[in-house]
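Here is how the chains run, residue by residue.
Protein chains: 2
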Amino acid sequence: MNEIHERRKALAARLDELKIDVLLASSPANVRYLSDYAGSNGLVLIARMEAHFFTDPRYGLEASQTITAHVHVAKGPLIAAAAALAKRKRWKKIGFESEALTYSAYAKLKEDLPLGFSLVPIGRVIEEQRMIKSAEEIEKIRRSVEANSEAFSRTLRRVKPGTREKEIAAELEFQMRALGAEKPSFDTIVAVGDRSALPHSIPSGRRLAENELLLIDMGASLEGYSSDMTRMAYAGTPPRRIREMYRAVHEAQIAALDAVRPGIAANKVDAAARNVLKKHKLEREFIHSTGHGLGLEIHEPPRLGKKEKTRLQPGMAITIEPGVYIAGLGGVRIEDTVVVTATGCEILTPTSKELIAL
Amino acid sequence: MNEIHERRKALAARLDELKIDVLLASSPANVRYLSDYAGSNGLVLIARMEAHFFTDPRYGLEASQTITAHVHVAKGPLIAAAAALAKRKRWKKIGFESEALTYSAYAKLKEDLPLGFSLVPIGRVIEEQRMIKSAEEIEKIRRSVEANSEAFSRTLRRVKPGTREKEIAAELEFQMRALGAEKPSFDTIVAVGDRSALPHSIPSGRRLAENELLLIDMGASLEGYSSDMTRMAYAGTPPRRIREMYRAVHEAQIAALDAVRPGIAANKVDAAARNVLKKHKLEREFIHSTGHGLGLEIHEPPRLGKKEKTRLQPGMAITIEPGVYIAGLGGVRIEDTVVVTATGCEILTPTSKELIAL
Numbered sequence: 001m002n003e004i005h006e007r008r009k010a011l012a013a014r015l016d017e018l019k020i021d022v023l024l025a026s027s028p029a030n031v032r033y034l035s036d037y038a039g040s041n042g043l044v045l046i047a048r049m050e051a052h053f054f055t056d057p058r059y060g061l062e063a064s065q066t067i068t069a070h071v072h073v074a075k076g077p078l079i080a081a082a083a084a085l086a087k088r089k090r091w092k093k094i095g096f097e098s099e100a101l102t103y104s105a106y107a108k109l110k111e112d113l114p115l116g117f118s119l120v121p122i123g124r125v126i127e128e129q130r131m132i133k134s135a136e137e138i139e140k141i142r143r144s145v146e147a148n149s150e151a152f153s154r155t156l157r158r159v160k161p162g163t164r165e166k167e168i169a170a171e172l173e174f175q176m177r178a179l180g181a182e183k184p185s186f187d188t189i190v191a192v193g194d195r196s197a198l199p200h201s202i203p204s205g206r207r208l209a210e211n212e213l214l215l216i217d218m219g220a221s222l223e224g225y226s227s228d229m230t231r232m233a234y235a236g237t238p239p240r241r242i243r244e245m246y247r248a249v250h251e252a253q254i255a256a257l258d259a260v261r262p263g264i265a266a267n268k269v270d271a272a273a274r275n276v277l278k279k280h281k282l283e284r285e286f287i288h289s290t291g292h293g294l295g296l297e298i299h300e301p302p303r304l305g306k307k308e309k310t311r312l313q314p315g316m317a318i319t320i321e322p323g324v325y326i327a328g329l330g331g332v333r334i335e336d337t338v339v340v341t342a343t344g345c346e347i348l349t350p351t352s353k354e355l356i357a358l
Numbered sequence: 001m002n003e004i005h006e007r008r009k010a011l012a013a014r015l016d017e018l019k020i021d022v023l024l025a026s027s028p029a030n031v032r033y034l035s036d037y038a039g040s041n042g043l044v045l046i047a048r049m050e051a052h053f054f055t056d057p058r059y060g061l062e063a064s065q066t067i068t069a070h071v072h073v074a075k076g077p078l079i080a081a082a083a084a085l086a087k088r089k090r091w092k093k094i095g096f097e098s099e100a101l102t103y104s105a106y107a108k109l110k111e112d113l114p115l116g117f118s119l120v121p122i123g124r125v126i127e128e129q130r131m132i133k134s135a136e137e138i139e140k141i142r143r144s145v146e147a148n149s150e151a152f153s154r155t156l157r158r159v160k161p162g163t164r165e166k167e168i169a170a171e172l173e174f175q176m177r178a179l180g181a182e183k184p185s186f187d188t189i190v191a192v193g194d195r196s197a198l199p200h201s202i203p204s205g206r207r208l209a210e211n212e213l214l215l216i217d218m219g220a221s222l223e224g225y226s227s228d229m230t231r232m233a234y235a236g237t238p239p240r241r242i243r244e245m246y247r248a249v250h251e252a253q254i255a256a257l258d259a260v261r262p263g264i265a266a267n268k269v270d271a272a273a274r275n276v277l278k279k280h281k282l283e284r285e286f287i288h289s290t291g292h293g294l295g296l297e298i299h300e301p302p303r304l305g306k307k308e309k310t311r312l313q314p315g316m317a318i319t320i321e322p323g324v325y326i327a328g329l330g331g332v333r334i335e336d337t338v339v340v341t342a343t344g345c346e347i348l349t350p351t352s353k354e355l356i357a358l
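These protein sequence lines map, in sequence, to chains R and X. Taking the numbering used here, the leading residue of the first sequence gets 1, the next gets one more, and so forth. Taking the numbering used here, the leading residue of the second sequence gets 1, the next gets one more, and so forth.
Think of the hints as simulated: they come from the structure by calculation, not from any bench. Among the hints, erroneous ones may be present.
In this list, chains with the same sequence are indistinguishable; a pair is considered to hold if it fits within one copy or across any two.
[Said to hold, decoys possible] As a list, the in silico DSS-like pairs of lysine-lysine whose alpha-carbon atoms are at most 30 Å apart: (1) K75 x K306; (2) K92 x K160; (3) K140 x K110; (4) K75 x K140; (5) K92 x K281; (6) K279 x K108; (7) K87 x K307; (8) K306 x K9; (9) K140 x K279; (10) K93 x K108; (11) K110 x K268; (12) K75 x K108; (13) K307 x K160; (14) K307 x K108; (15) K93 x K353; (16) K309 x K160; (17) K108 x K87; (18) K87 x K9; (19) K309 x K108; (20) K87 x K279; (21) K353 x K281; (22) K93 x K75; (23) K110 x K93; (24) K93 x K306; (25) K108 x K92; (26) K93 x K160; (27) K110 x K92.
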């Protein structure tokens with residue numbers, strides 16, 4: 001995994017600027033990014049000239065076969081093993097993921113270290129590096145998006161009034177896996193009728209009825225990489241209010257997509273969607289942000305929210321997903337996964353954006 | 001949800017002993033336990049005479065309809081909204097989940113509080129209460145176990161040499177959902193041949209071959225509650241070494257199950273399994289602990305490991321899962337979900353424990 005070596009090198013090159021001797025990566029996605037280890041108990045230490053990987057005996061055999069860093073198999077807590085190594089190597093300034101490490105782990109680590117050693121919160125330095133995807137990562141996201149869209153098409157053909165939310169979700173996830181995904185990248189959302197007004201509702205036993213909306217928000221995790229898409233269908237001929245809502249959200253989504261280009265601040269993309277909904281007097285019903293980065297995790301920086309100043313750069317993978325929610329009536333959200341390019345953006349999601357008639 | 005009210009009351013009654021004015025619950029499972037909220041952004045504050053729930057606008061509508069505490073819909077970080085309330089109410093000693101809250105959230109919370117206020121790490125107080133399940137919770141675990149076992153049976157009938165690990169995993173998870181589960185309670189493990197020696201391997205495209213082991217470790221999450229089971233099959237007639245390994249692990253599992261009763265220390269149950277494997281000269285190949293609690297999470301206290309002194313009590317739901325792993329040959333693990341009763345234990349898992357011939 002030459003790319004993984006490059007990622008570690010890029011971080012090692014930042015140790016001086018961060019005023020640390022070693023960087024301790026502990027969150028699963030960062031550990032995977034820096035080691036290709038996909039299990040639940042791993043830890044990476046990056047020093048200037050070397051990298052170390054820690055895991056427990058359950059993963060020892062696999063790790064020793066596949067991981068390019070120095071592999072340590074620890075019987076107790078990994079963090080104690082990492083601290084012991086830092087002590088031995090005299091790495092006195094230890095940078096840690098302050099937005100992932102728990103207070104307890106921090107307190108314990110601090111207690112274990114001799115005088116003269118210190119813990120330096122480094123926030124989301126690794127996530128910042130992860131924002132820009134390599135060509136190889138973009139191809140993985142593309143494959144995830146394609147499997148996700150294909151699972152959607154295969155499932156939707158079989159949905160009709162009378163089908164339950166839970167049955168639709170089960171079929172979507174089965175199809176994803178049949179198409180190569182490891183699992184859904186988040187809990188699949190399937191909401192019918194007025195339940196679509198709950199932006200994150202959990203699939204229930206409720207059946208799709210005639211003259212009801214159907215909202216599906218789904219993503220696959222494939223080779224570790226996420227996709228994310230929301231599409232809408234209607235059982236019957238949609239009434240005027242639904243058609244208007246749909247048109248407004250659609251227009252907002254196109255406006256946000258049109259705004260995506262290198263150099264633009266994330267909140268300007270959010271504003272592009274929000275301004276369209278304002279024109280339609282629906283901005284108060286748009287109760288979340290316009291999108292988020294995705295990759296090894298389903299939610300990664302940058303966030304495309306009202307206050308987010310991060311400037312978009314080529315290689316960022318993000319979602320564009322404005323939505324409008326009216327209690328008692330229903331909600332409409334339209335979401336694509338896109339990649340920022342040198343000149344604008346490429347929409348990876350191949351699925352049509354029309355309101356689907358069932 | 002009367003039971004949820006009782007849970008909060010039981011914690012409120014401990015505030016004095018914990019020397020705090022209010023308890024801040026932030027981890028998803030604890031928030032769900034104390035509010036029935038199953039989303040991804042919630043927070044609960046428990047004071048002596050009142051309870052508060054915080055979420056963001058995406059969940060506001062649903063929360064206001066279903067949650068019995070005072071509901072606050074916050075636009076910014078929930079923790080800031082909770083801190084503001086604590087300040088207003090003059091709750092000066094704030095207990096926090098030190099094993100769940102991140103260092104950043106802790107540091108930010110601390111910075112926001114006026115002089116005279118303090119943050120008190122309370123460790124896993126809520127998880128300790130969660131160790132003892134109510135009759136209603138045990139029924140949910142039972143339903144989860146039953147759906148899981150049924151999904152296993154339905155899938156296994158269709159497995160034959162040539163089937164891929166990934167296909168088996170996809171079918172298991174589809175069947176779980178068809179039987180009412182929301183999702184798997186952890187990433188389903190399906191490992192064939194020598195891959196079964198990796199205790200937590202990820203399902204791959206590899207096909208089950210003739211004369212190979214098949215290890216399946218699976219769990220469902222149903223109404224929020226977990227199940228966990230491992231079973232083994234063999235394609236063909238197992239050779240002597242595999243039969244011996246299987247018999248040893250089976251004997252160890254029975255010994256551990258026999259040891260489960262109220263009052264016994266968790267490490268004594270672990271020792272019961274370990275001693276059997278020692279007799280078979282396989283104790284060095286048993287590289288994990290004998291089991292773990294489960295409920296709203298797939299891993300909860302108590303852990304049944306070498307050093308764990310927690311005494312078992314009626315109402316605890318745990319797994320019993322010794323295993324032996326030999327690189328190049330394969331691994332064998334047998335796992336049931338059980339509940340500690342007044343006199344011993346009830347094995348919830350109905351699936352036969354024979355080595356299945358395919």
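Status of each hint after checking the structure:
When the C-alpha separation of K75 and K306 is checked against a cutoff of 30 Å, the pair qualifies only between copies, where the shortest distance is 11 Å, while the shortest distance within a copy is 46 Å. For the homomeric pair K92 and K160, neither the shortest alpha-carbon distance inside one copy (63 Å) nor that between copies (56 Å) is at most 30 Å. In this assembly of identical chains, K140 and K110 lie within 30 Å of each other by CA distance neither inside one copy nor across copies; the values are 38 Å within and 41 Å between. For the homomeric pair K75 and K140, neither the shortest alpha-carbon distance inside one copy (34 Å) nor that between copies (34 Å) is at most 30 Å.
Proximity of K92 and K281 under a CA criterion of 30 Å is satisfied in neither setting, with 57 Å inside one chain copy and 43 Å between copies. Taking the closest pair of Cα atoms, K279 and K108 never come within 30 Å of each other, the shortest separation being 54 Å inside a single copy and 38 Å across copies. Proximity of K87 and K307 under a CA criterion of 30 Å is satisfied inter-copy only: 26 Å between copies versus 41 Å inside one chain copy. In this assembly of identical chains, the alpha carbons of K306 and K9 never lie at most 30 Å apart, being 34 Å within a copy and 39 Å across copies at closest.
Proximity of K140 and K279 under a CA criterion of 30 Å is satisfied in neither setting, with 38 Å inside one chain copy and 48 Å between copies. In this homomeric assembly, K93 and K108 come within 30 Å of each other (Cα to Cα) both inside a single copy, at 16 Å, and across copies, at 22 Å. For a Cα distance limit of 30 Å, the shortest separation of K110 from K268 qualifies neither inside one copy, at 41 Å, nor across copies, at 32 Å. Within a single copy, K75 and K108 get their C-alpha atoms as close as 17 Å, which meets the 30 Å cut-off; across copies the closest is 33 Å, which misses it.
Taking identical chains as interchangeable, the C-alpha atoms of K307 and K160 are never at most 30 Å apart, the minima being 41 Å within one chain and 55 Å between chains. Proximity of K307 to K108 under the C-alpha cut-off of 30 Å is restricted to the inter-copy arrangement: shortest distance 19 Å between copies versus 35 Å within a copy. Proximity of K93 and K353 under a CA criterion of 30 Å is satisfied in neither setting, with 51 Å inside one chain copy and 52 Å between copies. Taking CA atoms no more than 30 Å apart as the test, K309 paired with K160 passes in neither setting, with 43 Å inside one copy and 55 Å between copies.
In this homomeric assembly, K108 and K87 come within 30 Å of each other (Cα to Cα) both inside a single copy, at 15 Å, and across copies, at 29 Å. In this homomeric assembly, K87 and K9 come within 30 Å of each other (Cα to Cα) only inside a single copy, at 22 Å, whereas the closest approach across copies is 45 Å. With identical chains, the CA atoms of K309 and K108 are at most 30 Å apart between copies only, with a shortest distance of 21 Å across copies and 35 Å within one. Taking identical chains as interchangeable, the C-alpha atoms of K87 and K279 are never at most 30 Å apart, the minima being 61 Å within one chain and 39 Å between chains.
Taking CA atoms no more than 30 Å apart as the test, K353 paired with K281 passes inside one copy only; the shortest distance there is 22 Å, against 62 Å between copies. Taking CA atoms no more than 30 Å apart as the test, K93 paired with K75 passes inside one copy only; the shortest distance there is 25 Å, against 36 Å between copies. Taking the shortest Cα distances, K110 and K93 sit within 30 Å of each other both inside one copy (11 Å) and across copies (23 Å). In this assembly of identical chains, K93 and K306 lie within 30 Å of each other by CA distance neither inside one copy nor across copies; the values are 36 Å within and 34 Å between.
Taking the shortest alpha-carbon separations for K108 and K92, both the intra-copy value of 16 Å and the inter-copy value of 25 Å come in at or below 30 Å. For the identical chains of this complex, K93 and K160 are neighbours neither inside a copy (60 Å) nor across copies (55 Å), given an alpha-carbon limit of 30 Å. Proximity of K110 and K92 under a CA criterion of 30 Å is satisfied in both settings, with 12 Å inside one chain copy and 26 Å between copies.
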